[in-house]
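As you go down the protein sequences, you meet chains A and B in turn. According to numbering that gives the first Met the number 0, the first sequence holds residues 0 to 298 in order. According to numbering that gives the first Met the number 0, the second sequence holds residues 0 to 278 in order.
Keep in mind that the hints are not guaranteed to be accurate.
Said to hold, decoys possible - A partial selection of chain A residues facing chain B, derived with a Cβ cut-off under 8 Å:
(1) Asp7
(2) Leu52
(3) Ile122
(4) Met123
(5) Leu172
(6) Ser235
As the list claims (entries may be wrong) - Below are the DMTMM-like pairs computed for lysine to aspartate or glutamate, each with C-alpha atoms no more than 25 Å apart in a straight line:
(7) Lys6(B) - Glu187(A)
(8) Lys133(B) - Glu187(A)
(9) Lys182(B) - Glu168(B)
Unchecked claim - Per the computed footprint, the stretches of chain A lying under chain B, defined by three or more beta-carbons under 8 Å from a beta-carbon of chain B, are:
(10) 199 to 210
(11) 261 to 273
(12) 277 to 285
The hints are simulated quantities; they were obtained by calculation from the structure and are not laboratory data. Think of the CB as a built atom: it goes at the ideal place given N, C-alpha and C, for glycine as much as any other residue.
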Amino acid sequence: MRLRAMQDNLMGYFFIGPFVFGFLLFTLIPIVSSLYLSFTDYDLFAKAEWVGLANYEHLFFTDSKYWQSVKVTFIYVIGGVPLRLAFALMIAMLLNTTARAIGIYRTVFYLPSIIGGSVAVAIMWRYLFGDDGVVNAAIGLVGIDAIRWFGNPLAALWMLIFLSVWQFGSSMLIFLAGLKNIPASYYEAASVDGANAIQKFIKITLPMLSPVILFNAIMQTIAAFMTFIPAFIISSGTGGPLDGTLLYSLYLFRKGFEFFHMGEASAMAWIMLLIVAALTAILFMSSKFWVHYESKGGN
Amino acid sequence: MTPKQWKWSLYHIFVSIFALLMMYPVIWLVMSSFKPSNLVFVTAESLIPNPWVWENYVIGWQGIGAQSFAVFIKNSLVLVILSTIGVVISSAMIAFGFARLRFRGKAFWFTVMMITLMLPYEVVMIPQYVLFSKLGWLNSIKPIVIPNYFGNAFFIFLLVQFIRTLPAELDEAATIDGCGKIKLFYRIIVPLITPALATVAIFSFYWRWEDLLGPVLYLNKPSMYPVSMALKLFLDSQTVSNWGAMFAMSVVSLLPVLIVFFIFQKYIVEGISTSGLKG
Chain A
0 MRLRAMQDNL
10 MGYFFIGPFV
20 FGFLLFTLIP
30 IVSSLYLSFT
40 DYDLFAKAEW
50 VGLANYEHLF
60 FTDSKYWQSV
70 KVTFIYVIGG
80 VPLRLAFALM
90 IAMLLNTTAR
100 AIGIYRTVFY
110 LPSIIGGSVA
120 VAIMWRYLFG
130 DDGVVNAAIG
140 LVGIDAIRWF
150 GNPLAALWML
160 IFLSVWQFGS
170 SMLIFLAGLK
180 NIPASYYEAA
190 SVDGANAIQK
200 FIKITLPMLS
210 PVILFNAIMQ
220 TIAAFMTFIP
230 AFIISSGTGG
240 PLDGTLLYSL
250 YLFRKGFEFF
260 HMGEASAMAW
270 IMLLIVAALT
280 AILFMSSKFW
290 VHYESKGGN
Chain B
0 MTPKQWKWSL
10 YHIFVSIFAL
20 LMMYPVIWLV
30 MSSFKPSNLV
40 FVTAESLIPN
50 PWVWENYVIG
60 WQGIGAQSFA
70 VFIKNSLVLV
80 ILSTIGVVIS
90 SAMIAFGFAR
100 LRFRGKAFWF
110 TVMMITLMLP
120 YEVVMIPQYV
130 LFSKLGWLNS
140 IKPIVIPNYF
150 GNAFFIFLLV
160 QFIRTLPAEL
170 DEAATIDGCG
180 KIKLFYRIIV
190 PLITPALATV
200 AIFSFYWRWE
210 DLLGPVLYLN
220 KPSMYPVSMA
230 LKLFLDSQTV
240 SNWGAMFAMS
250 VVSLLPVLIV
260 FFIFQKYIVE
270 GISTSGLKG
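Can you make the complete structure from the sequences, with help from the hints?
Okay, here's the thing in structure tokens:
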């Protein structure tokens, strides 16, 4: 019997061994080293010297750019994620019918998500929002003056938010799958009782969809915090204008690999880890107040 | 028309206008790549090129940094293929272990794996860089390719979900027939999870093809650059007038992504809907 158990363990670790090894080498050791480096003045070349909390103090009290990057990232996340989810839910509900051609629509709406992270799309976006680009031409048609998207820090940041909202497709697909799981009989019963569309949405769709909304909210928030490529490409790696697009990841990257302040960059990485962990925890804990699970066993 | 037909026509008109609006940026990019460079912005609001020209593609294909664009495409393909082979095989093995085997510490390692799903790459970026430089792997594709051979948490999660839907009787029958776990894996489970493996392969292809951070950190010679870096090089060295070539090569870089998307749509949609993989 004991031999059997040992064989089972051996077989188990034969299969998951690559994960265990990879986790230790590429994740655990780096996370711990990152914490250590955040208390040093490491610059990639000279030996790391212990500096205590100096990196954190510098970030919090001296480095105004740090707070700028935090501010920009919060606007990006708080502006972008709800808009993106609202869009995704709206379109998913529109497409949740049995009409023919739904497949084509779904493809078209999903496409931006597939290509949206690429350099090509970031380049495209940059020129769409150029001074004499398509966006300014379009808003000119409805009588709005051309906006100098690169001349104004907030406008430049909104340009990035629009790019992230444009990629609502993957959330939409998840919502669509969730909507399909809501029994049609619920809506029929509500109709019999005389409920209108808005009441059905608030009383049936939202509660039934809440686990999916939670899932999407968490994943999108974390993904938004880690956004790098669009800001890097659109601002040519600077985070400009006037640090208006200096997203957290971009500033971290510049600190590490442009100025070689690896210690401070590691401190930034650890703060980011704590923020992401806290956000995830808050979303999960708050979920019991607004997430509705169908059966006692949960979904 | 009946009121119902009216309603549907309105629905289709509304949704297709919206769909067109969503696609407009991409259509604009493609059309601009056929416009003469000096007209791209003069005629930004008119979509149809007048005249149509091919020269942007000819100039763009000559490449940048003394490398033809064909070199960049070859480099991207090498990265994509080597990474994808590794991540598919390793993730399948690991997922099988989690979904079908009993061993000590399984729950612990599964939790660890779920936590790594949420981990920002930035946290490990700098120490990994130091590690790879100590290993002498800088200026090579090793740091980008090799970690794929140790599985990817997203893919493992997706495959575990998929394997759990297969009936357990399969395993029992196979065991009674004298089939060991390793044989069970590659003779029975792998053929049954091919659709999920296809999803994994497609997403791995996307992520590697579009990846910029890995190449920015680890590749420093234009002859090693993948397509994403080549486009960045185009952008950085943009002389005021040659947008056309950059747009043309942007279109070229999107083509493989679009082709794979249209051929394998079904797998992609299933992958997202069941596991929330981000595109």
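Evaluated hints:
no.: 1; hint: Asp7; result: holds, 5 Å
no.: 2; hint: Leu52; result: violated, 18 Å
no.: 3; hint: Ile122; result: holds, 5 Å
no.: 4; hint: Met123; result: holds, 5 Å
no.: 5; hint: Leu172; result: holds, 4 Å
no.: 6; hint: Ser235; result: holds, 7 Å
no.: 7; hint: Lys6(B) - Glu187(A); result: holds, 20 Å
no.: 8; hint: Lys133(B) - Glu187(A); result: violated, 65 Å
no.: 9; hint: Lys182(B) - Glu168(B); result: holds, 16 Å
no.: 10; hint: 199 to 210; result: violated (count 0)
no.: 11; hint: 261 to 273; result: holds (count 8)
no.: 12; hint: 277 to 285; result: violated (count 1)
Comparing the model with each earlier hint shows violations of hints 2, 8, 10, 12; every other hint is respected.
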